[in-house]
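Chemist: Construct the complete structure from the given sequences, taking the supplied hints into account.
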Amino acid sequence: MSSEGFEELYRDVILDHYKNPRGHGEMQKPDAQADGVNPLCGDEVSIFVSFAEDGDTIEEVKFQGRGCAISQASTSMLTEMVKGRSAVAVAAMNREELLDEVGIPLTPVRLKCALLGLGVLKVALHRSKGTPLPEEWAGLEELELK
Amino acid sequence: MGVTTEARLDAQKLRADFPIFEQPMHGKPLAYLDSAASSQKPRQVLDAMTAFYETSYANVHRGVYELAERATEGLEAAREKTRAFVNAPSAREIVFLRNATEALNLVAYSWGFNNLGPGDLVLVTELEHHSNYVPWQYVAGKTGASFRMLPLDDQGELRLDLLDEAAAGGDMKVVATGLVSNSLGTVNQVEHLARWAHEQGAIMVCDAAQAAPHRTLDVQALGADFIAVSGHKMCGPSGIGFLWGRSELLESMEPFLLGGHMIRKVGFEATTWGELPHKFEAGTSPMAEAVGLGAAIDYLSAVGMEAIERYEQELAGYALERLAELPWVTSYGPPAERRAGIVSFNVEGVHPHDVAQILDHEGIAIRAGHHCCQPLMTKLGVTATNRASFYLYTEQSEVDRLVAGLHRVREVFA
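So the protein sequences, as listed, match chains A and B.
In terms of my numbering, the first sequence opens at residue 1 and continues consecutively.
In terms of my numbering, the second sequence opens at residue 1001 and continues consecutively.
Keep in mind the hints are simulated off the structure, nothing from the lab.
Hints should not be assumed to be uniformly reliable.
Under the rule of at most 20 Å between Cα atoms (straight-line distance), these lysine to any residue pairs were calculated in the SDA-like manner [as the list claims (entries may be wrong)]:
#1 K19(A) - H1407(B)
#2 K19(A) - N1346(B)
#3 K83(A) - L9(A)
#4 K129(A) - R85(A)
#5 K62(A) - A52(A)
#6 K19(A) - R1408(B)
#7 K62(A) - G25(A)
#8 K1379(B) - R66(A)
#9 K19(A) - R66(A)
#10 K1379(B) - G55(A)
#11 K1379(B) - G25(A)
#12 K1265(B) - G1239(B)
#13 K1028(B) - R66(A)
#14 K83(A) - N94(A)
#15 K129(A) - S50(A)
#16 K1142(B) - D1171(B)
#17 K19(A) - F1413(B)
#18 K62(A) - E7(A)
#19 K19(A) - E1348(B)
#20 K1379(B) - L40(A)
#21 K1379(B) - Q1137(B)
#22 K1081(B) - A1302(B)
#23 K19(A) - W1328(B)
#24 K1142(B) - L1257(B)
#25 K19(A) - K1028(B)
#26 K1379(B) - D1171(B)
#27 K83(A) - E26(A)
#28 K19(A) - N94(A)
#29 K19(A) - G1349(B)
#30 K19(A) - A1302(B)
#31 K62(A) - E8(A)
#32 K19(A) - E1411(B)
#33 K1028(B) - P21(A)
#34 K1081(B) - A1091(B)
#35 K1013(B) - R1408(B)
#36 K19(A) - K1081(B)
#37 K19(A) - A1414(B)
#38 K19(A) - V1382(B)
#39 K1028(B) - K129(A)
Every value quoted in this text rests on a predicted model; they were computed, and no experiment measured them.
Modeler: Dropping the structure here:
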C-alpha cells in the first residue's frame, strides 16, 4: 500500500457510515437477534431483525455497537443492503458482496472487522429461521458470535 | 557504541546499531513506538548469534567433543551474564525458558499445584498482564484456592491500602504482580508487596518483563521469590527468557516439563531429577538464543541501565506533556515520575485500531488493543487504548511525529 493508502481505506463513504450509521438503534421486540465481538479489536456488534408478514422478508434491521470505523461502517452498510431481502437469501449472501460494497483493501486483521456485522446477522437468522451458517465462517473462528 | 553509564544516552547514535531502521516504512523513516511489545535487535546481538552458529554450534552438555564443549560454554556464559544482570546470588537460580509467560506458568504449575488448596488465597492485581493473571486464575480454580485481585486507584496505581482487606478470611499463599505495567507504565512498589507477602507467609511472584529491559533489576534488593523476564523485549532474540527463583524454593519444586537433560537417573520404576537449573530445562535448550540474550545484556550494560531508565522517563514525560496539549486526547496512568517509558491514550471518537492504521501510513508503529490487560481495560471503561512505548533507540522527534500523526487522525475523522 502506498503512503497515501489510508485515504483509500478511510474513504469518505466509510467515514460517513461510521459517523452517521444507518439503522443504528435498538428494536423493542425483534424477531431475530444476535451479538458478536471481535476480541482482537474489541469491536462489538448487536443486530436486531424484524420480518414482514410473510415471515421471511427482512422488514427492518437495526444494530448497536462500538468499535473501529471499519466494523461499524460495514455493519451500517450491511443494514442498507439486506433490507427487503429474504432471510434465506441473506443467510446465503456471499461475503464478497459486502466486501465489494465496503470497497477498501483490507488486511487479514481488518477483514475480521469488516465481516463482524455479517457474521452476527447470519447467526441471528440461523437462530430464528434455522438457516445454515455457511462454511466460510469456519475461517473466522476468532470472532465470538453469540 | 561509545556511550558510558555516566553520559547521557545518545539515541540517534544507538539507532545506527539497529539494522531495522535502515528501511523506510511507507516511504518514511520508521518510528518504532512498540518496544513494550517487543524490542528491535542491535547488530551486536545478531552477529553474536550468527558467530555461534558458524563456529560453536552443537548440542550442549552431553557431548565430549570440542564443539559440544564450546556450545556448552556459550550457553553457560550467557547464564552467568544473566545472573550478574539481575544480581542473583547463584547462576543455578537462572532457568532459561522461552519467555516470561513460560516462566510464570512454570511457577504456577510447579509451585501452585503442589502448594495451593481450599482456604488458600492467590492475589493478583487489576493491572496485571494476562500472563501473570490467567495461570494463577487457572491453578487457583483447579486447586480450590480463592483468586483475588488488588484494585487500582484512578491514576492507575495499586491500592496498597487494601492489601490487608484482600488477605481477610484465608491464607495468603501467592502474591503475583508485575514490576512495570505493560499498558500504563506504572512502576509498582514490589519491595513493599514482597515484604507484605512474606509477612503473610506467601510467596511473591514478579513479572519483570517490562522492567528488565529498561531499569536496573536487582533481585536481592527487590525481595521477590520469583522473577520472570523475556529476552525479546530487551534487545535479545525471541524464544528465550528466564526465570530467577530462590534456590531453596526451586529445589523444593517438582519439574514442570519432563524429558531429556532434566534427569539424574531414569529407571523403569522411577526417575530422579537433575540439579538446578537443569531440572527445569527439559530438552535441548535455546542455545543460540541464550548467546543472543547474553550479547543483549552486554549491549544494555555498556549503554547503562540507569541511563536508559532516565532517558525513557524523560521521553515519557515529554510525550505526556505533548499529548496534554491535545484536548481531544485522554492519557491514562500515573505521572511521569512514577512511570516507565509507556504512554497509553485514546483519541476522542476514534477507535485505537483506526488511529494505529493511520499512524502506520505515517511510518509510526504503535500498539492498539487491550494489551493483554482486559481487567484493566474494564477498569478504565474502554475496550482498547493506543499505546506508545519507548526504548533506547527512540528519539524525541519521534514523539513529535506521533503528535503530528494524531493531528492527521483528527483531520481524517473530523
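Chemist: Which earlier hints turn out false for this structure, listed by number in ascending order?
Modeler: 3, 10, 11, 12, 13, 18, 25, 26, 28, 30, 31, 33, 35, 36 and 39
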